[in-house]
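4 protein chains.
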Amino acid sequence: MKGYCLPLSPEGKAQVVDPPPWHYGGDIIQVVFKADPKEVKQVLPEPLELGSNPGLAFIWFVEWTSVSDVNPDLAYLNPERSQYKECLLAVSCRYHGEEGFTVPYIWVDNDFTLLRGWFQGFPKKLARIYMTRPHPLNPKMGPIGPGTKLKGICEGHGERIAEASLRITGKASVEELPKFRFFLLRHYPSVEDPSRPAVMELAQSVVENVRVSDVWKGEAELYFYPSFFEEVDKLKPIEILAGHYFSLGMTIKGGRILHRY
Amino acid sequence: MKGYCLPLSPEGKAQVVDPPPWHYGGDIIQVVFKADPKEVKQVLPEPLELGSNPGLAFIWFVEWTSVSDVNPDLAYLNPERSQYKECLLAVSCRYHGEEGFTVPYIWVDNDFTLLRGWFQGFPKKLARIYMTRPHPLNPKMGPIGPGTKLKGICEGHGERIAEASLRITGKASVEELPKFRFFLLRHYPSVEDPSRPAVMELAQSVVENVRVSDVWKGEAELYFYPSFFEEVDKLKPIEILAGHYFSLGMTIKGGRILHRY
Amino acid sequence: MKGYCLPLSPEGKAQVVDPPPWHYGGDIIQVVFKADPKEVKQVLPEPLELGSNPGLAFIWFVEWTSVSDVNPDLAYLNPERSQYKECLLAVSCRYHGEEGFTVPYIWVDNDFTLLRGWFQGFPKKLARIYMTRPHPLNPKMGPIGPGTKLKGICEGHGERIAEASLRITGKASVEELPKFRFFLLRHYPSVEDPSRPAVMELAQSVVENVRVSDVWKGEAELYFYPSFFEEVDKLKPIEILAGHYFSLGMTIKGGRILHRY
Amino acid sequence: MKGYCLPLSPEGKAQVVDPPPWHYGGDIIQVVFKADPKEVKQVLPEPLELGSNPGLAFIWFVEWTSVSDVNPDLAYLNPERSQYKECLLAVSCRYHGEEGFTVPYIWVDNDFTLLRGWFQGFPKKLARIYMTRPHPLNPKMGPIGPGTKLKGICEGHGERIAEASLRITGKASVEELPKFRFFLLRHYPSVEDPSRPAVMELAQSVVENVRVSDVWKGEAELYFYPSFFEEVDKLKPIEILAGHYFSLGMTIKGGRILHRY
Numbered sequence: 001m002k003g004y005c006l007p008l009s010p011e012g013k014a015q016v017v018d019p020p021p022w023h024y025g026g027d028i029i030q031v032v033f034k035a036d037p038k039e040v041k042q043v044l045p046e047p048l049e050l051g052s053n054p055g056l057a058f059i060w061f062v063e064w065t066s067v068s069d070v071n072p073d074l075a076y077l078n079p080e081r082s083q084y085k086e087c088l089l090a091v092s093c094r095y096h097g098e099e100g101f102t103v104p105y106i107w108v109d110n111d112f113t114l115l116r117g118w119f120q121g122f123p124k125k126l127a128r129i130y131m132t133r134p135h136p137l138n139p140k141m142g143p144i145g146p147g148t149k150l151k152g153i154c155e156g157h158g159e160r161i162a163e164a165s166l167r168i169t170g171k172a173s174v175e176e177l178p179k180f181r182f183f184l185l186r187h188y189p190s191v192e193d194p195s196r197p198a199v200m201e202l203a204q205s206v207v208e209n210v211r212v213s214d215v216w217k218g219e220a221e222l223y224f225y226p227s228f229f230e231e232v233d234k235l236k237p238i239e240i241l242a243g244h245y246f247s248l249g250m251t252i253k254g255g256r257i258l259h260r261y
Numbered sequence: 001m002k003g004y005c006l007p008l009s010p011e012g013k014a015q016v017v018d019p020p021p022w023h024y025g026g027d028i029i030q031v032v033f034k035a036d037p038k039e040v041k042q043v044l045p046e047p048l049e050l051g052s053n054p055g056l057a058f059i060w061f062v063e064w065t066s067v068s069d070v071n072p073d074l075a076y077l078n079p080e081r082s083q084y085k086e087c088l089l090a091v092s093c094r095y096h097g098e099e100g101f102t103v104p105y106i107w108v109d110n111d112f113t114l115l116r117g118w119f120q121g122f123p124k125k126l127a128r129i130y131m132t133r134p135h136p137l138n139p140k141m142g143p144i145g146p147g148t149k150l151k152g153i154c155e156g157h158g159e160r161i162a163e164a165s166l167r168i169t170g171k172a173s174v175e176e177l178p179k180f181r182f183f184l185l186r187h188y189p190s191v192e193d194p195s196r197p198a199v200m201e202l203a204q205s206v207v208e209n210v211r212v213s214d215v216w217k218g219e220a221e222l223y224f225y226p227s228f229f230e231e232v233d234k235l236k237p238i239e240i241l242a243g244h245y246f247s248l249g250m251t252i253k254g255g256r257i258l259h260r261y
Numbered sequence: 001m002k003g004y005c006l007p008l009s010p011e012g013k014a015q016v017v018d019p020p021p022w023h024y025g026g027d028i029i030q031v032v033f034k035a036d037p038k039e040v041k042q043v044l045p046e047p048l049e050l051g052s053n054p055g056l057a058f059i060w061f062v063e064w065t066s067v068s069d070v071n072p073d074l075a076y077l078n079p080e081r082s083q084y085k086e087c088l089l090a091v092s093c094r095y096h097g098e099e100g101f102t103v104p105y106i107w108v109d110n111d112f113t114l115l116r117g118w119f120q121g122f123p124k125k126l127a128r129i130y131m132t133r134p135h136p137l138n139p140k141m142g143p144i145g146p147g148t149k150l151k152g153i154c155e156g157h158g159e160r161i162a163e164a165s166l167r168i169t170g171k172a173s174v175e176e177l178p179k180f181r182f183f184l185l186r187h188y189p190s191v192e193d194p195s196r197p198a199v200m201e202l203a204q205s206v207v208e209n210v211r212v213s214d215v216w217k218g219e220a221e222l223y224f225y226p227s228f229f230e231e232v233d234k235l236k237p238i239e240i241l242a243g244h245y246f247s248l249g250m251t252i253k254g255g256r257i258l259h260r261y
Numbered sequence: 001m002k003g004y005c006l007p008l009s010p011e012g013k014a015q016v017v018d019p020p021p022w023h024y025g026g027d028i029i030q031v032v033f034k035a036d037p038k039e040v041k042q043v044l045p046e047p048l049e050l051g052s053n054p055g056l057a058f059i060w061f062v063e064w065t066s067v068s069d070v071n072p073d074l075a076y077l078n079p080e081r082s083q084y085k086e087c088l089l090a091v092s093c094r095y096h097g098e099e100g101f102t103v104p105y106i107w108v109d110n111d112f113t114l115l116r117g118w119f120q121g122f123p124k125k126l127a128r129i130y131m132t133r134p135h136p137l138n139p140k141m142g143p144i145g146p147g148t149k150l151k152g153i154c155e156g157h158g159e160r161i162a163e164a165s166l167r168i169t170g171k172a173s174v175e176e177l178p179k180f181r182f183f184l185l186r187h188y189p190s191v192e193d194p195s196r197p198a199v200m201e202l203a204q205s206v207v208e209n210v211r212v213s214d215v216w217k218g219e220a221e222l223y224f225y226p227s228f229f230e231e232v233d234k235l236k237p238i239e240i241l242a243g244h245y246f247s248l249g250m251t252i253k254g255g256r257i258l259h260r261y
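Protein chains in written order, with our numbering: chain A, 1 to 261; chain B, 1 to 261; chain C, 1 to 261; chain D, 1 to 261.
It is possible that part of the hints are untrue.
Chain copies aren't distinguished; within one or between two, either way the pair holds.
[To be verified] Pairs of lysine-lysine residues, derived as DSBU-like cross-links and limited to a Cα-Cα distance of at most 30 Å, are as follows: (1) Lys-13 <-> Lys-171; (2) Lys-149 <-> Lys-38; (3) Lys-38 <-> Lys-171; (4) Lys-149 <-> Lys-41; (5) Lys-38 <-> Lys-13; (6) Lys-38 <-> Lys-253; (7) Lys-171 <-> Lys-41; (8) Lys-34 <-> Lys-2; (9) Lys-2 <-> Lys-171; (10) Lys-234 <-> Lys-253; (11) Lys-236 <-> Lys-2; (12) Lys-38 <-> Lys-2.
No lab work stands behind these hints: they were computed from the structure.
For reference, chain A alone in the conformation it holds in the complex (with noise of 0.2 Å):
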């Protein structure tokens, strides 16, 4: 049987995702914010510790094109198979010295990047996102700039998790986004005993081909809701920092091994 991931299939087709590299493009409402240092350290595995800037966290709403390098017609050959809306929520760390950040929680809507979320480290869950996109033919939006106005907003089990404003003031620079180095926690059961993980591993991401454009910056505003499935309200911001509107190209090669516990 072949095949990368599960199911491995006679000839590898049934996989719910391709092996990586993966190669991603996609818009993204940014909000940069900080939480309470305390509630961070929370979420930090160890070795992490809380970065130099404590409490320094973003969230991203983003609507992903991304096809795998094994099958780049992905996108033609089934749209559904390479189109998926994210809410990510980025907390700043340090690892050994190093400034990065990590992803306590994040939400999906779909099978493959749900999946190939896990295999990374990032703790998806399946949500519907919902993200302003603007046409610049609709003739009472016209092209993106000031005054533009954006909102992510993240449901889940029947209740708003997440909802981030945007209203756009003006042009920014790509120096003024947070640089991304992703330290993440890679973890999988047992099946025979609960308590003790058969894979439980700090990875660090592996990313290349970073492009960005279009950058957008404005006035913010994000909230967190309280829920009996989450835990996210604990983040809630205590300052906005900045709020962006940009759109990044990327591929991912896989992870690095940091620490295995």
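Position chains B, C and D relative to chain A; hints supplied.
Same frame as chain A, but now just chains B, C and D:
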């Protein structure tokens, strides 16, 4: 109670959709084809007749952003209320010598557009619609141009209904696109007598502010599939005439009644 | 072209729903409550008046299986066309001295029931509806009885709209349930003039074959949530009167027009 | 950070699913059939061998209600977290002389069950699953019995994947149903080397509290459809052996590792 449509409510906020004018912007995969004129004739409500190019037809796969005139911030207040995907089939016809198109079958993926369509005479049903969405920063996709491949898929009640494919070969001009004047059948049942509709009238859409940009052409394919709940496969292509990808903006102000049955 | 409703088609197969009679069977979580009569009055189209128990209201969360008379095999041909979930709010009223209920707000999760509702005067919108479904063989659930807890949740446009809870305390009789005679507002816009509907009439549902079984009662709670796109929260409970869980079968033959506006 | 699985969180509430034991109850449309033993052999990970009845297989369409042992009120707290539909294909095999089944392909419709399946070795993907749900009070359906017709449909990525049909002819006994001992392949990729999994082991499900009731049998049909993203059609029936409809309750306590690769 206030409202343009149900549900009426004390403040008029609960209605499923705001009144016209409605403003649209979207990216369209279009296949122009010839269907069997005998079959096209079967879906023309009299007094519509076959057009001067009998059997001429086109399909659109579109990802729309739409807002209402009374609530232009809709795309920001809740993106879910401003976006939908559509698979629209139009067949050419003539009304008292005027050339145009009618829309026998059309699928969308949300309630506000479903009912807004019914109000105009677009006989919308719900389906899931998937369209290739190339992202220019995706390292394996690059900007749209010759060689870009696009697909649209429409699936309803667990069945694939329609699939359109396009391989872009070059730029095209707006003049190459069919002019889409729509003659539509508004029809609404009586609650007392199922055999006698409460509303049955032929309407012409009143469209303004039409803007087209980024017109590409290419090699196209189109398939309709059999189904217990659809008859679109009778209108299957007997000849593919053209394929296009373009952006469209417009305002629909409502309709003008041409004929009452 | 044939058909009871759009889309009309050569064989009449494409229509979104078959003509009445329609046959229903479902399991219902019901909360009977008192809303503010002043607010109830706001959602009664004249000549409907407040009922003799002003403010009396109930909500249903239902999982329906429905088939049409002309196609009783529908649930077998395609189960997707025969099942839906519903959240229905009914407020008591009086028509020329006759007691009954009208339905100002109602949500369902598929197209055929959405439009079938509109044809009758149920102002349906799409939502996602979740209901506890106890299974008697689940080792931790057991058969329904005193102590069983049930919940219904209605979520639309990324917002929780309504939530009903019930803790069963014992058996109840059919006589304890409100009699549900429905007076409904049929309303359909004109395409030429948004301020003047093409159809506006008061209809009474014609219901037959009503059968009720397995009636339980219990302690209930009900919450409506604020929303930019709903006004149901104005009808929030000022007193919970009863909670029930029961099974219902019926046939809807159509409606009788009582009044034209 | 606490949790049985990702996302780990300070209180352990955010995890996509609670730890075992998990308790299930559901109604099952089952088709027992013979697939081509050569094709079955292709989906058996060694050391699994063909069973004593080579090619014996069955498909289940199930509507499950499941709760966890640590949170038995789950079905009440949020019904959405306790229900899912499943299409499960099992093929017979032998492990060191012990007869059982493995599950090469399986589809579900929510995240918690998708990942809970992966943890056990069920290679789940997302799909939409539709099953006839007869309601005894529906005036045109009546109680289940001889003549009742049932269908299960599984649709993923815009394609119909599988369809099973059953026409009930009479009662059956529990003894007529295949015994479902499951041997499952747990497999989880490495993030550093796509060609070498981090976890690859053969597990046997540990199931308790099995209860079966309301067993019916009938005439069955089963179709698998071709797809670019599935290989299930290679396991298509060469002979239909039986069809059943029954209710099942059980507790899954986890699994026992039989073999590590």
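*Checked against the structure, which of the hints given earlier come out wrong?*
1, 2, 3, 4, 6, 7, 9 and 10
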